[in-house]
Structures are given as C-alpha cells and as structure tokens.
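Enquirer: Spelled out from the first residue to the last, the chains are:
2 protein chains.
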Amino acid sequence: MRYELYYWTGIQGRGEFVRLALEDAGADYIDVARERGDNAMLSFLQGMQAGALPFAPPFLKAGRLVIAQTALILAYLGPRLGLVPEGSGAEIYAQQLQQTITDFVAEVHDTHHPLVLSEYYEQQRPAARKRTQAFLDERLPKFLGYFEDVIARGNGRQALSRHSYVDLSLFQLVSGLDYAFPNAMTRMHKRMTRLRALAARIAERPNISAYLQSPRRIAFNEDGIFRHYPELDRAR
Amino acid sequence: MRYELYYWTGIQGRGEFVRLALEDAGADYIDVARERGDNAMLSFLQGMQAGALPFAPPFLKAGRLVIAQTALILAYLGPRLGLVPEGSGAEIYAQQLQQTITDFVAEVHDTHHPLVLSEYYEQQRPAARKRTQAFLDERLPKFLGYFEDVIARGNGRQALSRHSYVDLSLFQLVSGLDYAFPNAMTRMHKRMTRLRALAARIAERPNISAYLQSPRRIAFNEDGIFRHYPELDRAR
Chain A
1 MRYELYYWTG IQGRGEFVRL ALEDAGADYI DVARERGDNA MLSFLQGMQA GALPFAPPFL
61 KAGRLVIAQT ALILAYLGPR LGLVPEGSGA EIYAQQLQQT ITDFVAEVHD THHPLVLSEY
121 YEQQRPAARK RTQAFLDERL PKFLGYFEDV IARGNGRQAL SRHSYVDLSL FQLVSGLDYA
181 FPNAMTRMHK RMTRLRALAA RIAERPNISA YLQSPRRIAF NEDGIFRHYP ELDRAR
Chain B
1 MRYELYYWTG IQGRGEFVRL ALEDAGADYI DVARERGDNA MLSFLQGMQA GALPFAPPFL
61 KAGRLVIAQT ALILAYLGPR LGLVPEGSGA EIYAQQLQQT ITDFVAEVHD THHPLVLSEY
121 YEQQRPAARK RTQAFLDERL PKFLGYFEDV IARGNGRQAL SRHSYVDLSL FQLVSGLDYA
181 FPNAMTRMHK RMTRLRALAA RIAERPNISA YLQSPRRIAF NEDGIFRHYP ELDRAR
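Chains as they are written, first to last, in UniProt numbering: chain A, 1 to 236; chain B, 1 to 236.
Since the hints were made in silico from the structure, they are not lab data. Honestly, I wouldn't trust all of these hints.
The list makes no distinction among identical chains, and a pair is therefore deemed to hold if it is satisfied within one copy or across any two copies.
As the list claims (entries may be wrong) - Mimicking DSBU-like on lysine-lysine, the simulated pairs with C-alpha atoms at most 35 Å apart in a straight line are:
1) Lys-61 <-> Lys-130
2) Lys-61 <-> Lys-190
3) Lys-142 <-> Lys-130
4) Lys-190 <-> Lys-130
5) Lys-190 <-> Lys-142
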C-alpha cells in the first residue's frame, strides 16, 4: 500500500505527527502537497473527491479511504505499521494518549493565537503574552506531568509497548516545545526525566535519525504550531 | 455490561456527549459522580486505580477497561450500542467527524475562556468578546457549514447511517449553541437546514425525548462549556 499524506507545505504542523510514523516504519508514502503543491489538497477539502470529507489537513489517502484528524490517522496506521501494541486495551490506551496530545497541541497553538485565528500573532501580542504565561504556569506542567506519570506507571497488560506512535508523537511534542519555549523547558528538565529519555531514544532510531537529517524534515518556523517568540518564553 | 460513566456533577459538559449515547441506546449505566459525588473520580485521576490513566473526565469504565477522551469513548461504545454504521470505512468516518466535534467544542469553550483557564470569565471579558466575535464571524459558519456539507454529501458506502453517535453529538452541539448564542444561531438558520432537521429528528427519538424531560438532563448553565453571556452574542 502506497499511502498518500496531504498536508501543507512549508511547516511541520500537525502533519509531522503522521510523517514521523510513516518515516519510522519505513512505509511507502507520497507527501502529496510537497510534490504537487498545496492546491493538491483543495479538491478534497472542497468535496470534489470520493470518500470522507476532511475538515482540514492532515489527511491520509489509503486506497479508497480518506482519513482526516491526526489522532485517527495514527489509530488507523498504528496496527498496520507495527506502531501500537497488540490487544484492544493497549490500542485504546494509545489512542487516548494521542487524543490528549491533540488537545495539548491545540493549546500550544493558541499561545500565539489566543483571539483571532485569521489574524497575525503581532495583532494579538498582549493577549498572547497573557495566555502563554498561564500556559507555562499551569498547562505545560500539567500535561508534561501527566505523560511522565503515564510512562512511570507502565501498568500491566494495558501498558504501552516499548515503542508506539504515541512515543513518536511525544518526541515531536518535546522537540516542538524545546524550540518554542527553550527557557521554560530548561526549567522543566528535572520534572520530565522520563520524557527526556523517551525523546532521546526516539531520536536515535535509525529511520528517525536519518529522517531528521534529511531535507524532508522542515525546520521549525514561525508559520507552524510551535513558534519561538522570545518575548513569550520565560526569562533565561 | 453495566457501564460506569465518570463526569463532573452539575454540568452537561463533555460528559453529555457520552450520556446521550448511553441514554439513546437504553444502555445499563451508572452516572458515578452523580451518585457518589465528584470525589469518586479522584482516585482514577490520581492514578490509584488499575487501567489507563485519564487526563480528565469524562471517562468510562467498561469491565476492566478505563477509557478517557470523549471521541474515543464513543468510538468504543458505537459498535457495542448499535450507534455506528457497520464497516470500517463508516466507523472511521464517524470517528473523524466526532474528533472534529471535539475540536469545535474546545473552540466554543475558549470563547468565554480565551486567556486563563483557571480564572473566571469575568476576569477576561474584553478578550472573550474579541475571541467570540472572531468565533461567530469565522469559526461557527465554517464548522456548521462543514457538517451541513457532510450531511448533504451522503457519499456511497462511506456515508453515515440514518443514526449514529455523531448524530447525537451534533444534536448536542446545536442545542448548546442555541443556548449560548441564540441571536447568532437565528441568523445561521437558513444556512443549516440539514442540521436543524437532524436535531429535530434526534429530539423526537423516544429515549432521547424521555431523557430530555427527566431530571437526569441538567439544564445548560454558566459553569459548563456552552454558556449564555448576552454581551457575547450578536445583537438581536
């Protein structure tokens, strides 16, 4: 099966969570928009193609299936790429964690866009500062602490395996947060030792390591979800 | 199977999407917190119970499984309660729509809490007005228009059936938006005829009709996700 991934060119964005799974598994896939331009997605978004109607990218075409929503794409790919432990309990737990990552990513996005999605960050900077401060005070420690607890827990037959799409997404989350909020993340260091170990392990996986060094890995930038605006980060 | 639903007392919130599915199907369930108080949830959230660790309510206990995240709970219950069409394509499409509803609900929440989750609405009213204006201008028409298109499309074997957990959630979404933004929703009326028809059909289902008239259906209020603050709505 040759998968077709549809996501904006120029940013990692939500598509990157899917891309990491495809890359890690060495799956056969085409990054459609990067090969043909962002317009390649439009006919799907405008309802001109068969199959499910996506609300937004990323979406995956797998044979005749069209699947949107990042967490759902990973739920679909997980068993097919060997990226989720076997057993329905483990699959459900993995998907629960992934949907929680989705929530977290939306909150990261809103740090720089707290008021109006269609306006620039620069047009909502005071609000962004306020929202980011609350995010760094309350939400960042809560979410990272939760994932630390999940890793620490490793509970019996429902535990995640040593490798899953969730691990890949947690790696991406930590990488993005390190880029966006380096000072805040330095301060979190001692409280996230398990996540740090996980991220280091993922970065060393051969396919991921090769991918990260390839031109396919676009650098984080200020058009994406994880943006580095020094004025929003903690003081050094 | 007697399901145990864990969700805050006193509000409909995200738990209501699960409750509607259980009620519509006439499932055997206990609304645990309502019977034993909010504290009944704490031991799960604090990791004192076996199974998956929830990040937040709602979560469902089904035998030994603990399942959090609203959309995922519905993905689990759907086939068991006859609330999703058969076939993997239809199940995936239903879940895609449900995860999109999750995103929409988060945006509805942020209209009254754009900056700091842990502070009161009254402490962030100017920002709430700005965010709500953008929400009513851009996001509400985009999301409702999307679901109108999905219903209109009814595409072949991937179409949703005449009834699913997605329909129940769309009913809840329309009900909540009618409560929160009555003027804005009146203006949307002609652009959402299919959603209106769907919501009317759901309200007439015997189990739903009985539920809505029962004391189990808590009224919408200003502690929940859908809040009515007249100053945030459109002018009449």
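Enquirer: Could you run down the list of hints and mark each one as holding or not?
Expert: A quick look at each hint next to the structure:
For the identical chains of this complex, Lys-61 and Lys-130 are neighbours neither inside a copy (40 Å) nor across copies (37 Å), given an alpha-carbon limit of 35 Å. For a Cα distance limit of 35 Å, the shortest separation of Lys-61 from Lys-190 across copies, 33 Å, qualifies, whereas the shortest one inside one copy, 41 Å, does not. Proximity of Lys-142 to Lys-130 under the C-alpha cut-off of 35 Å is found in both arrangements, the shortest distances being 18 Å within a copy and 27 Å between copies. For a Cα distance limit of 35 Å, the shortest separation of Lys-190 from Lys-130 inside one copy, 25 Å, qualifies, whereas the shortest one across copies, 38 Å, does not.
For a Cα distance limit of 35 Å, the shortest separation of Lys-190 from Lys-142 inside one copy, 14 Å, qualifies, whereas the shortest one across copies, 43 Å, does not.
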